[in-house]
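As a plain string of letters, each chain reads:
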Amino acid sequence: MRQLLVLLVACLVVAAGSPNRAHTAEVSLHEVIDRLVESQAGKRSMAPPADDAEFVRRVMLDLAGRIPTVDEARRFLDDTSANKRNALIESLLAGDDYARRMQELFNAMLMERRGEHAEWTKFLRHAFAENLPWDRVARAMLSPDAADENLRGAAYFLTARLTKEGAMAPVDVPGLTRDVGRLMAGVDFGCAQCHDHISIEDYRQADFQGLHMIFENMQSRGGEFPAVTEKVMTKPRDFKSVFTGDPRTTPLRIPGAGEVAIQTFPKGEEYSVAPDRKTKTLGVLKFSPLRELANRLANAKNPLFARNIANRLWFVMMGRGLVEPLDLFHSANPPTHPELLDRLASEFAIHKFDIKWLLGQLARTRCYQRSSRLPGDGPLPPATSYAVANQKRLSAEQLFWSTLIATGEIDRVKKQTDATLEQVVADTDPLGELQKQFLKTFSNPPKEPEVDFAPTVKGALYLMHDQAVLDLLKARPGNLVARLATEPDPRKLSGALFLAVVSRRPTPEDVEVVTKLLENKTRTARAEAIGHLAWALLASTEFWVNH
Amino acid sequence: MNHCRSWEHDWSRRRLLGAVAGGVGAAGLGGMLQPAVAEEMARSDKQILLIWLDGGMSQLESWDPKPNTPFGGPFRSIPTTLPGIHVSELMPKLSQQMKRLAVVRSMKTEDANHSSGVPKILRGQPRNRGVTYPYLGSAVAKLMGPTESGLPPYVWVKPGNGGFISKHAGFLGARYGALALGDGKPPANLVRPDSISSAADEARQELRRRFNRQFADRRRGDFNEANSHVYDVAETLMKHVELFDETKLPEKDRRRYGTHDLGRHALLARRLIEAGVRFVQVTSYGWDTHGDNFNSHASRMPKVDQSVTALIEDLYDRGLDERVLVVMMAEFGRTPRINGSVGRDHWPNAWSVAMAGCGIRPGTVVGETLPDGTDVKTTPYDIGHMFHTWFSAVGLDSAEAQYMNGTQPLPIAHDDMHKVDELLI
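First to last, the sequence lines map onto chains A and B.
For what it's worth, our numbering labels the leading residue of the first sequence as 1, then goes sequentially.
For what it's worth, our numbering labels the leading residue of the second sequence as 548, then goes sequentially.
Okay, chain A solo, but in the shape it has when bound (with noise of 0.2 Å):
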């Protein structure tokens, strides 16, 4: 008895790892996931912690979707408080930036680029500058209000699956299915349509069928904004698997909450409000299949739910997925840190899914805060270690904003002082037009997830070559090759131009090349060759990457 007594005592201090462990609800969960990342790392070399200008710049890629002005990285670099960053992060998640970057976030991973509307955008800023609830969002989409003015652009999440695609092709049902499948309960059983997956055990034919008769038995309502209806689903799903032809029937069922029975109800009596055509009333079935997806679906009792968004804002933060790929959770495929997903997702539901809270914590972990870079000569740790910050791509939209903040054109064009970057984007043609072809440039085709760093042939020559980019990088009075261009002194020029593109100060390597490439040249061909300079770190990885 004793033995086990002082077992117990041993394994507490073991798993504390903090002194306020004694209350448990007290230990923050960034010091949880650095306990668990960590002892997975075991004695593998760490990265140090990244400097001031690393974490400056990736935190606001992060949580405002742009790189710091040159005034916002110099005040954070001259900064002498100790609890600067987070004090930095705190301001983010309360700032205007964040709205506007969870819009565009979340606007690429779920619609991935099939489209625009301006409803679903004003749904999506909703959502994120009020930091509704996750699952109150996903209910949202997964069951449309049409009543509700702000919420109900978020049938566009559904409509925009619905369109036909040509003359000869079907609207695709079915990969509406395996969207929600994969967006919200990180399961594409894509592949369980015709019959049970055939490498996956645990994606079921009947799973697919279960959800799959939800959509069928909805349509997508024409109108000014997007909306849908249902009809009166009376009698469960009849299917064979194209393998055995063996004929099934299932009931509905939802990913991770299992299988639900169908209400009927006599003829007459299937609405609590009947629907009226003469007043455009849609009418409330009593048995509503998308209300019962919804509720069911996004639920904090749904382990899948929880789980997959836990995952996919791990993902964002951490450059990797604790699962990959992110729609890929099945039990031949476990995650790398299973205990970690297990808390995530648990204390983001028990946090009534704050995105803000979760991506607050995320950031202030070690974890998000080692350098990207490794001293010494030893192999590079892999990145499921997390014992190296790990690159991550920037959005075609994290792009855009940055070129604009490092070339300096929005202090060029800027006429208010107190003005948006959106505002200064939409009151002047060509930046709106140069975002335009920034998004065509730089975004996946159409149905294409946006996870992996994929850089393009078509992106290359379009930042070599045209000439609206070229423009940016003309000493034009205000912008940032202008301001180089009155600067005699090389060491300084070097440092307002690196921070103001790649935001840290050069190296002394990084200011002889500038010195030398700048010496005895003529007005005109300094001015040139500090273009190329703004040019040339604006095209690096340096800038393309968020590290």
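Think of the hints as simulated: they come from the structure by calculation, not from any bench.
As the structure is a computational prediction, the values presented were derived from the model and not from experiment.
Think of the CB as a built atom: it goes at the ideal place given N, C-alpha and C, for glycine as much as any other residue.
A portion of the hints provided could be inaccurate.
In silico negatives: residues of chain A with every beta carbon more than 10 Å from chain B [what the hints assert, rightly or not]:
1) Arg114
2) Glu119
3) Glu528
Covered stretches of chain B (chain A as the covering partner; in silico rule of three or more C-beta atoms under 8 Å from a C-beta of chain A) [claimed, not checked]:
4) 599-612
5) 633-646
6) 764-774
Following the hints, complete the assembly by docking chain B onto the known chain A.
The following block gives chain B in isolation, referenced to the frame of chain A:
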């Protein structure tokens, strides 16, 4: 003399060609990081040129004429350089190339719709495993990669618009898509604007490379490699900018290939192949002759006859036949029965495919159709058989090599089908 010996490339063991190669870090990095097999294939100098006659060329007005039969139509057949073999009189020039060609007259495929038939044929119609297979060009881009030239491995010359066509890549992922040259025009932004001199460009590129080296030091290299790679490819393409300048072509070449779209595009294709593009597809649209089939073919076939003959002649003259496989096909043939609009409709049941060059046995005619052309009389071949044959011709063992789609191994051609030995040397 043909030295392309496909059996020399046979592999002794099953090796995987990873769609997601080399672990997570490599995913999405432009297919640069490939396992051993791909590296082996990357050193191969074999290339493929596909001439695609979209809409469906009539086999009866080309490779498999049936004159003086109820469905034969008005055209005669003419003898070829292969004793006993006749082709349509619409191909007088190609009839003189028959000793260099191989023709399959016993194609029998399934899909009679354009919208589904085109992708099925171009994907080799593998067994349905719930994944979208790549088109032949994307498959070759994945399996063999770019040649030493560093040029993009899959270039598509077509009328109309160009761009990067990612959907051809299927599950392999967007990066294996086609670089489409609309009307043979260069990709957007290929030409350096006058405002940047070549010296200035070199200066800024050198700075970029220097900054990248500094960045990559003691960081994981995959992102920087991928990002540097696309600039290298862009610069390689720029070096070949003369490919897109038709004014510099000898008048004689232009006359031989023809100044029509197919002629100009076939000539560009030859030059792209010479420059080192791994896979070039030339598309000619408008072969869907439901109405007025005979006048249509009378005006279209001479263009094919002219440009494809010029192409074959050039490949042989330059010794390229030893390493370049040429295939000419469509998504199906056309009905023997002549419809009320004097047209022919879609006919996958019995049609023809032609090929030449690397690994192909010259002067071969495989298979036979019924006297009225309605069905295949000999062993029918599906497109899967052709994929096995073509892969084999360029040294890929399609019975062994596989793709990896995540955890799912996938055959590169239909696993119930096999290569057609008669077609191979």
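Now the hints, each set against the structure:
no., hint, verdict
1, Arg114, "14 Å, holds"
2, Glu119, "28 Å, holds"
3, Glu528, "7 Å, violated"
4, 599-612, "violated (count 0)"
5, 633-646, "violated (count 0)"
6, 764-774, "holds (count 9)"
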